[in-house]
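Line by line, the protein sequences give chains A, B and C. Take the first sequence: its letter number 362 is residue 362 in the numbering used here, and every next letter is one higher. Take the second sequence: its letter number 91 is residue 91 in the numbering used here, and every next letter is one higher. Take the third sequence: its letter number 94 is residue 94 in the numbering used here, and every next letter is one higher.
Among the clues, some could well be false.
Simulated pairs of lysine to aspartate or glutamate, DMTMM-like, Cα-Cα distance not exceeding 25 angstroms [stated by the list, open to error]: (1) A/Lys121 - A/Asp220; (2) C/Lys52 - A/Glu348; (3) B/Lys266 - C/Asp100; (4) B/Lys267 - C/Asp100; (5) A/Lys257 - C/Glu42; (6) B/Lys266 - C/Asp141; (7) C/Lys65 - B/Asp14; (8) A/Lys282 - C/Asp92.
Don't read these hints as lab results, they were simulated from the structure. All values reported here derive from a predicted model rather than from experimental measurement.
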Amino acid sequence: MFQITRHYLLVLAAMALFAPSGAVAQPAQPAQTANTCLTCHATLTDTRLATPATLFSGTDVHRERGFACADCHGGDPATGDKARAHDAARGFKGVPTGQAQIATCARCHSDATLMRRFAPKQRVDQATEYATSVHGKQLAAGHGNVATCASCHGPHGIRRVSDAKSPVFPTNVAATCATCHADPRHMAEYKLASGAALPTNQFADYQKSVHSAALNTGNDLSAPTCNDCHGNHGATPPGVGAIANVCGTCHAVFAQKFDTSVHKQIFDKGCVECHGNHAVLKPSDAMLGVTGKGICAPCHTAEDKGDKGAAAAETMRTQFEQLQAGIDQSHALIGRVKNAGIEVSDQELALREATTKLTLARTEMHGFEPTLVAPIIADGTKIVTAVDAAGEKGVGELRFRRRGLAISLGAILLLVVALGLKVRQIDRRSHP
Amino acid sequence: MVQRVVDWLDERIDLSGIRHFIAEKGVPIHTQEVWYYLGGMTMFLFGVQVFTGILLLLYYRPSSAEAYESVQFIVTQVEFGWLIRNVHSWSANLLIALAFAHFFSVFFLKSYRKPRELTWLTGILLLFLMLGFGFSGYLLPWNELSFFATKVGTGIAGAVPLIGPFTLRLLRGGDDVTGATLSRFYGLHVAILPAITTALVLAHLLLVQRQGMSVPLSIERREKAGERLPQMKFFPNYILRDVLAWYVVLAVVAALAAFYPWELGKKADPFAVVPPGIRPEWYFLAMFHTLKLVPSHVLGFEGEHLGVVAFGLVALFLVLVPFLDRRASRGERSPVFTVLAALGLVYLVVFTIIGHYAK
Amino acid sequence: MAPVEFNRRGFLDALLAVGFVSTAVAIAYPVSRFLIPPASGEPATASAGAGKAAALKRSSARIFKFGSRPGIVVRTADGDVRAFSAVCTHLDCTVAFKPDTAQLWCACHNGTYDLGGNVVSGPPPRALEKFVVNLRGEPGDEEIVVTRG
Chain A
1 MFQITRHYLL VLAAMALFAP SGAVAQPAQP AQTANTCLTC HATLTDTRLA TPATLFSGTD
61 VHRERGFACA DCHGGDPATG DKARAHDAAR GFKGVPTGQA QIATCARCHS DATLMRRFAP
121 KQRVDQATEY ATSVHGKQLA AGHGNVATCA SCHGPHGIRR VSDAKSPVFP TNVAATCATC
181 HADPRHMAEY KLASGAALPT NQFADYQKSV HSAALNTGND LSAPTCNDCH GNHGATPPGV
241 GAIANVCGTC HAVFAQKFDT SVHKQIFDKG CVECHGNHAV LKPSDAMLGV TGKGICAPCH
301 TAEDKGDKGA AAAETMRTQF EQLQAGIDQS HALIGRVKNA GIEVSDQELA LREATTKLTL
361 ARTEMHGFEP TLVAPIIADG TKIVTAVDAA GEKGVGELRF RRRGLAISLG AILLLVVALG
421 LKVRQIDRRS HP
Chain B
1 MVQRVVDWLD ERIDLSGIRH FIAEKGVPIH TQEVWYYLGG MTMFLFGVQV FTGILLLLYY
61 RPSSAEAYES VQFIVTQVEF GWLIRNVHSW SANLLIALAF AHFFSVFFLK SYRKPRELTW
121 LTGILLLFLM LGFGFSGYLL PWNELSFFAT KVGTGIAGAV PLIGPFTLRL LRGGDDVTGA
181 TLSRFYGLHV AILPAITTAL VLAHLLLVQR QGMSVPLSIE RREKAGERLP QMKFFPNYIL
241 RDVLAWYVVL AVVAALAAFY PWELGKKADP FAVVPPGIRP EWYFLAMFHT LKLVPSHVLG
301 FEGEHLGVVA FGLVALFLVL VPFLDRRASR GERSPVFTVL AALGLVYLVV FTIIGHYAK
Chain C
1 MAPVEFNRRG FLDALLAVGF VSTAVAIAYP VSRFLIPPAS GEPATASAGA GKAAALKRSS
61 ARIFKFGSRP GIVVRTADGD VRAFSAVCTH LDCTVAFKPD TAQLWCACHN GTYDLGGNVV
121 SGPPPRALEK FVVNLRGEPG DEEIVVTRG
């Protein structure tokens, strides 16, 4: 009995000393220096319990700012006694999941006053956004198998988004999303509105795309990954009519032209109709048209003579291919002439302009109006013709040089003959 | 008019010696006299190279960043730059061809025999110097072909046993062919080699003028037997023929420049892959192809080492020919050396052709 | 006999003289033209002229040739002269100067650069190559000379 009393007194003393900490309802403060959670959990053999401690002890943005386990999990970080440390009365929550997890993170991250003390520029509306996302809506409807904060950011060892090892660093985002979205078993319980199964090939498709290449090999961190089109916390596929706007955030000129075109009213999926959504590949002139590799074909047909679209597409493709071929030929001619020793830097400059015109024409094409494309092509063709003319003049200059040398060769040979005759003459004089 | 100038000089520096020399000097006439002109033609082309080389010097820039562009500038912007460059490039090839022709004619006719050993010595050194000019000059335009040919060539120099690696670093100015190599080759090409060549050419000419023209052995025997051989006067008969030969050479250079103008090529990129089928200019082809054919290991030695050493020994042999050919020195027929000369000529011609058409 | 031979000798000598002189001229003429410095001065590897400084007004720009690639020289509203490569780092189109926003703009895909050459918006992945600007010549009639940094 004496022992129980002593025990009880110790607990009282501890409570008196550490009462303020561990309370759930109060606004969070960084924990005091004591953190027995880590010391105990680090020694555990069960990896499920030990890993969080290891991760949190490493690079973790919260720990670096002075936060500790109890700030999210509750409980008593000062005691070495497991029962007291994990006491619900001291606010211990265990592992928060689902809505509880959102609430745990939002407790700080939706508090503007608090966040201003640590990261004044950071947004505080992630939780609200999340509620509008497919993930948030599914969670609210009771399907717990969706992404929550820790699914993407990690629960422990959380790194800044700008840290290249963070799962939400631009080059890592697609793989992070793919942990669920590329797993057919995980996605099996979710269906499209039509009742069909959700696709799981988005990651594989994305990896074929120019966007993935630009991001991963081109070192262009502004290239889009999942969150750039679908949103971060409010992740939802862009709806009908929104796609052109989404692509247009970067591809502004194309979106502008497309907006003025006939296809804007017709295409449900905007840019995606022709360019795909995840497997966005490098476009080519061959995509235009109803023949060969042309993708206008399912809607437009060559056979229908009244189909102005088919004719327009074929015309524009021919124009592009002709100008490209013209530029390539000019390039070859100028290259030959340059190698032979004629100054052609003006022509090389002009050919750049011609290539610029071709690029501009390909942009203009997204208005699907051949009368607007034709003048640009005409400008380009004019430049190519001028360069070709200069190239031919260069060839002419080479021929002129050759002729000049041939003439001096003739003069030298004449002199050689004269010298020969003179030699004979002198010989005859000295030895008659 | 010319006479007045000559008289003015004569009053001051007594030209009687020169006048006597010119008046009396004769050149033997016989069936083989046509070979006499080759030396003069070679010298004429060397003069052309010095002249056009100095002109090119005024615009050329020996740095890896500017060499190619400066040659491009010469050929496209400088008036008649294309002409000077073309003449320099073609004349170089013709010079080496004529040097070899001159060398072989002397070898076959055994003109190296006593008392003309020193003339032969200076001559053979001049031949090596011409090859050095060709090798160093070839890099200067800094285009793809010349860069890789130099890489291969200096690599072969590095294959010489013992001194190879040192020589390679000495030639390249480092471990790889870089701008440092270009600087070195430029210094070699416009200063070091010309200085040595000028000295040797002067010595060579002096010796020829002092000793007069050599005659074939059979003719020499007839002379020794008492026969008086026909001679032509050096001035004006021989000189005029010499000048005629030079104009013929000039015509050949003009024709080559007109119908096969030299191209710029692509600027050298040290990090590019070696283009397939890279090989040196024609005058190194025989040597290059021979080395390619030598098996990689022979009797425990590395094939390339053996090949390079063999060429070194051939060079040494050539230098010592006048001292090795005792029979010719005594004025006797020397069929062994005639056969050796023929073998050498056939080897060079055949291997150059094979090297040209080989994949 | 004698007069005919004399005529022939004289003719041959005249022919030779003409031959020597014409070949000498055929050599001397190109050589003398070669020695005269060409108009473009030197190879445009490291530097290029960009026109007269006085002709470049404030808040305006001019395209010039740097080797075989276009460059753009800009005079800011403060009078500062700057020069960049005019080759857009996105797809090689030629950029232009927009005086209303004081930015360099690429018409192909809307790439925008500030007057430090840095990317402001749009697809270009890298900044424009910046050149060093110097003025050369008589004050009042200076020429802008652009060199690679």
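The hints, checked one at a time:
1. A/Lys121 - A/Asp220: holds, 24 angstroms
2. C/Lys52 - A/Glu348: holds, 24 angstroms
3. B/Lys266 - C/Asp100: Violated, because 43 angstroms separates the two Cα atoms, which is more than 25 angstroms.
4. B/Lys267 - C/Asp100: Since the Cα atoms of B/Lys267 and C/Asp100 sit roughly 42 angstroms apart, the hinted pair is violated (cutoff 25 angstroms).
5. A/Lys257 - C/Glu42: violated, 46 angstroms
6. B/Lys266 - C/Asp141: Not satisfied, since the Cα-Cα distance of roughly 39 angstroms exceeds 25 angstroms.
7. C/Lys65 - B/Asp14: violated, 63 angstroms
8. A/Lys282 - C/Asp92: holds, 17 angstroms
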